[in-house]
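> Sequence:
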Amino acid sequence: MATSGPGATNLVTGIANAYMDSVPLVCITGQVRSQMVGYDAFQETDITGITLPITKHNYLVTRVKEIMPALREAFYIARSGRPGPVLIDITKDAQQSAIEDWEYDESNISLPGYRPDLRPASQIIRRAAKTINSAQRPIILAGHGILLSNAMEEVRQFAERAQTPVAVTLLGLGAIPSSHPLNMGMMGMHGESWVNTAIQEADLLLAFGMRFDDRVTGRLNTYAPQARKIQIDIDPSEINKNIKVAIINNGYLGMIRQWQEFFYERRYAATLLRSPDFVKLAEAHGLTGLRVSRRSEGEAAIRRAEETAGTVVIDFRVEQEDSVYPMVPAGADLHDMIRRPSAIAETAMDE
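Here my numbering = 1-based position in the sequence shown + 826.
No lab work stands behind these hints, which were simulated from the structure alone.
Cross-link-like lysine to any residue pairs, in silico, SDA-like; alpha carbons within 20 Å at most:
no., residue 1, residue 2
1, K1055, N959
2, K891, S936
3, K891, A924
4, K1055, A955
5, K1070, Q1057
With the sequences and hints as input, model every part of the structure.
Below is the structure:
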């Protein structure tokens, strides 16, 4: 719990740490009176706005009857699915108000849009089992999620049955006993050299409850280059987290250029972009850069990006003077639209 203003902002580092490490946390902060919110009152801070990117959810409570429902939901959200922090910001007048005839709601909590589904599809399990059975040099990568889900025994039994060695992340220490003969030790930046070497030579990585962050992988382009990867995580957003960047490159500030074309007789000004060579820029930073100049090249480039580990930048060179249709000119009737005059060209190079 913290007071409004500086008290609330002092929580930010702890909240961010809980968010990154999947730690369930409910923070309750004070706020100025509801009538003063938004007026820069004494010690007013938009703590819900500040913490929005680093919480699973947050609340601004302005009425006393909203306090208990918010608390029930907050603890449920913090502990369910992938654990994490929730913040409840309660205004001063809500705190000081009284409520009569209050009864605790013991019904199950149901939140629209928030239904953590932990059930994997059966076809995915079959594919994973087939991949595991065919592997020659598999390694289990054990992370913090094993401890959070209390799945240590299951992981130990799996490792022993498959006779698969186990490497652990920093937060995954304890996922399997350190004295266990299959426990190789910690991986990553400060991990054991033999563990990192084994990962680089593996043909299958079984990632259980861990994130492929930079402290674990090092440079993604060279990480476990021969290994297929099976990842089990409670958070679907962590699956296949490799960055793919698509640049739709027409060389112009497109919407402004369109107005200059339609209404100013193509007198282009300050809309032509002098962009760098994005492929060479990507390669200069150790990334994979691809260029697509014709529509027929698109599918192959996307397939290569999906198959490439690490960050991939794709520079799609599209028609420079193609416009967005239909368009209703400013001040015109809604039905008075400018429509596409002819079929769209593939690209400037295909014409």
